[in-house]
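If you read the sequences in order, they're chains A, B and C.
In terms of the UniProt record's numbering, the first sequence opens at residue 1 and continues consecutively.
In terms of the UniProt record's numbering, the second sequence opens at residue 1 and continues consecutively.
In terms of the UniProt record's numbering, the third sequence opens at residue 1 and continues consecutively.
Simulated from the structure, these hints should not be mistaken for laboratory data.
Mixed in with the good hints, there may be bad ones.
Copies of the same chain look alike in the list, so a pair counts if it fits in one copy or across any two.
With a Cα cut of at most 27 Å, we get these calculated DSSO-like pairs of lysine-lysine [claimed, not checked]:
(1) Lys378 - Lys56
(2) Lys56 - Lys385
(3) Lys18 - Lys395
(4) Lys395 - Lys385
(5) Lys395 - Lys142
(6) Lys395 - Lys359
(7) Lys342 - Lys287
(8) Lys179 - Lys142
(9) Lys12 - Lys385
(10) Lys359 - Lys142
(11) Lys12 - Lys179
(12) Lys395 - Lys56
(13) Lys253 - Lys203
(14) Lys342 - Lys3
(15) Lys385 - Lys246
(16) Lys187 - Lys359
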Amino acid sequence: MAKFNDLVANIKNLDTNKMYNNDFLQTWKKNDAEISATLKTADALRDLRERNISTKVFDSGLGISIFRDNSTRTRFSFSSACNMLGLEIQDLDESKSQIAHGETVRETATMISFMADAIGIRDDMYIGKGTDYMHQVIDAVKGSNEDGILEQRPNLVDLQDDEDHPTQALADLDHIIHKYGGVENLKGKKIVMSWAYSPSYGKPLSVAQSIIALMTRFGMDVVLAHPEGYEVMPEIEDIAKKNAEKSGGKFTKTNDMKEAFNDADVIYCKSWAPFKAMQKRTDLYGKGDFDGIDKLEQELLQENSQHQDWSCTEDMMKLTKNGKALYMHPLPADITGVSAEKGEVDASVFDRYRDELYKQASYKPYVIAAMIFLSKFKNPATVLKQLEARGQERKLSEE
Amino acid sequence: MAKFNDLVANIKNLDTNKMYNNDFLQTWKKNDAEISATLKTADALRDLRERNISTKVFDSGLGISIFRDNSTRTRFSFSSACNMLGLEIQDLDESKSQIAHGETVRETATMISFMADAIGIRDDMYIGKGTDYMHQVIDAVKGSNEDGILEQRPNLVDLQDDEDHPTQALADLDHIIHKYGGVENLKGKKIVMSWAYSPSYGKPLSVAQSIIALMTRFGMDVVLAHPEGYEVMPEIEDIAKKNAEKSGGKFTKTNDMKEAFNDADVIYCKSWAPFKAMQKRTDLYGKGDFDGIDKLEQELLQENSQHQDWSCTEDMMKLTKNGKALYMHPLPADITGVSAEKGEVDASVFDRYRDELYKQASYKPYVIAAMIFLSKFKNPATVLKQLEARGQERKLSEE
Amino acid sequence: MAKFNDLVANIKNLDTNKMYNNDFLQTWKKNDAEISATLKTADALRDLRERNISTKVFDSGLGISIFRDNSTRTRFSFSSACNMLGLEIQDLDESKSQIAHGETVRETATMISFMADAIGIRDDMYIGKGTDYMHQVIDAVKGSNEDGILEQRPNLVDLQDDEDHPTQALADLDHIIHKYGGVENLKGKKIVMSWAYSPSYGKPLSVAQSIIALMTRFGMDVVLAHPEGYEVMPEIEDIAKKNAEKSGGKFTKTNDMKEAFNDADVIYCKSWAPFKAMQKRTDLYGKGDFDGIDKLEQELLQENSQHQDWSCTEDMMKLTKNGKALYMHPLPADITGVSAEKGEVDASVFDRYRDELYKQASYKPYVIAAMIFLSKFKNPATVLKQLEARGQERKLSEE
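Use the sequences and the hints to build the structure in full.
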């Protein structure tokens, strides 16, 4: 309970005014207090749940999910977050809707929101498209709320766009904060965001970008490593640079995986498609040139196959600090000999860190719940105390 | 609160006995008191929600949806209605069920209803089939309840059949009642239900029919306009005629869109397929003659393309009362230059009325909730007062 | 209420310790006290619900369903069970997940379980595979809970595997117990589990096996009847034999349907595929030999068509005790002249027993709820009394 009180006291001192009745898109649009409040609120909600205290702040209401890409863990994380706050999940399955009928985003967004308090969207397939779409949804529901059409304004949670994966990166951050016993202990720690080989094509850049943009805010020594040609978006690199300067950390790039791994505290190792290729794909998609997309895919697969040595092997891990860096991955990973002949990581490395990886993932539902919570309450600290005082059991206790 | 008290007092004076433990299919099966009670209850439930008072009358229980045609807004309206009453939505996805296995409607209906309090069905594709199916479901669950198989009888809400679209028409009616400041002010107002061109084929007749059958009950001057050959069902025209006589209103038909629009107060403009063609399609469907259906489609598209001038253009709108008739549509609309090259309505007309159209749609969740509510309680007025007195917050208030 | 008190007193005297925080797979893994506690708890929960007393023991939390085969009634039964306990249903739709991405069962199971209290799985297609899969899921979530990754351990309910269909057989058992006025009255009653002709191929063996394995525990005279070649798994026959010896009942086999029906009290009549063929199919599946599977299917259909005389006809029913044996089926049935030209049962037989069949099915939601309930509470009797004392209304009562 001391822990809970500390968290609440902390949240009370953070300015969350701008989060109220607002949305959570990219982390770089949020200031440090807001990032901190999100993690503290996630921890406080988790603490309540662990003490069997209900965190239902809604007695009814909907949480809408829109997944424009397949998802298991983010889908269930969003569902879990809504459920623990008292919102019922409704998925907008675009294949069963009349959206093909030609209606606008503005219209659909309003039509599904009459009783919606939160909307979670994953749209990460085409550069610029996902973020665009989210802004269209936000403008629609905000406008419809102001015009008296919607009684409440549903607030949006970005469940992955084409640039950022905020719920992932914040769950990752919460994990390493707990690992190192406090955000202050991240200062100077070397974290490597490395590209890794996967036989599949065209994975989003957003995880890599979310990591370099977020971790540079805490004084970490952030290294981005990838083969030549696998650049991420220059705008995001700029954000990382500026964050590093401001926080007293570092942001460097290398095409040498070994150099990157050397003496690292944390290894984050994942495949992504080159930004330029993604942009080309987006252009082709815009023109409806699906043959062009297929051709591009062949080229990329060809290029991709040249870099099978970029893998988080046991040998590579030995290069890290005391050979014991924390290995991270957003999951699912392409594991050599398990889910792929050659993949992002050795099976033995993955197995050794399995529990850590699952713990890393366990923060996501709470991070999402915190984002919704902070968008709904002006005084989140007060409401958290109210919930504790209410003491409603999540599961009936045996007398 | 005065508003709420007025609504409750009103409902108290209406005889809703026959609605209790009953179903809501076509509006013409309900008497005036029942129609009125539905709208008043919808308004009262909305008022409670706007005051953050929970309308959950169920602590658990299911609301089952069966959509035999794609849907976004009706799907979410039903979900919202169930959620605000405390029922969890379960969709019967016929593609994931064993229904193809040859089981009867009677069996399926019972099997999904052990803990169901409400069932919402949309089945509007083939003349006579949708209503038939709904009656089969009703007979099944009623029988199973009487035989002691089901502990409660789920009550059915018709989310659109092949003849009527009651939740749509009642939401529309609620919208114009609010617009004109009371049902008494509808008397003498001219409302046009006009066919409009859409490039797509075979839209249900049910919206057009639901409008002429319902609006004639309130002394309105109802005009049905369509090109020759686009007749609706004669039975429904008869209902409209009788309603108009009884209510002191008018029901007229014309093949001249301009004549119809002249001096109109309300314009409802929408594509539908000719009744005779729909009946032919139903016959072909009955014979499993899918080639015949394709051929019929070609003929209809050919015929349809002759009527591109039937569109709610700016010029047409100028003919209406002061050029300012209220434009209505069930959405999504085929908008010229937006969702179709040539469509039902000019983009500028649609845009000018967008907020009104969305408000129109916003009544639907409450109308559905009211239908369920009235089927569940003998004394709806009393229960509404109970809910207000209970004062359970929908969203936790910050202290 | 006397009934409820009796049930609770009964449950109090049964040792359910091993059910706590455990899973429900095959019935033969549960001892007699555990089987009895499941049925009594199902009846007690039903009694509470019939008295409009809420059985919600969770204020939030998820119940996850995984259906690897189509399902209507089991799906809705699981949904209903979760809902009445306060868990929101989330379906893991493997086609919308990233499971194809190559992740392990261990990973998926953990990732969906952060806020899950129950998991229901149906996986009955390939011999040995379903049970295997369930054990993998159990091991995963148990391990993840012990390792501090999951705050609670979701408990698994087997919604049908390739060997057993425990929720079906227990619902069936509860039905005949109520029919005969007590489990003690089952002693000596003759129940026939007979194969029946259906034009479709490869139905699971699990219902037949679940019936012979469960009903032999209560002193019944259990007869397994099928054409030569339609043997069930020898291991399950062994279980049935041992159960019959222990309970003072009988377990016999015959290839003569008439002999089986003679003087029977209960007739359970259903198609299944021969165990050996199912094993062969499983082997072919393991090798990815889909041509082989097709060829096997043709052979089996050919063989199958030889046994159209195995049907529960009126003439067959006349052979049973006073011509009035209780006819049972897990539904949906292949009814001659209704859902198949020649099927498992005559339409007139089916119609005469329709109400009974639906009542039989009505026990399933409560049986599943009981399984979850017993996995969640150390002292189920106490909690049932707590629920009654709490007296929360399921549906708001009109004052």
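- Message: Please list, smallest to largest, the hint numbers that this structure does not respect.
- Response: 14 and 15
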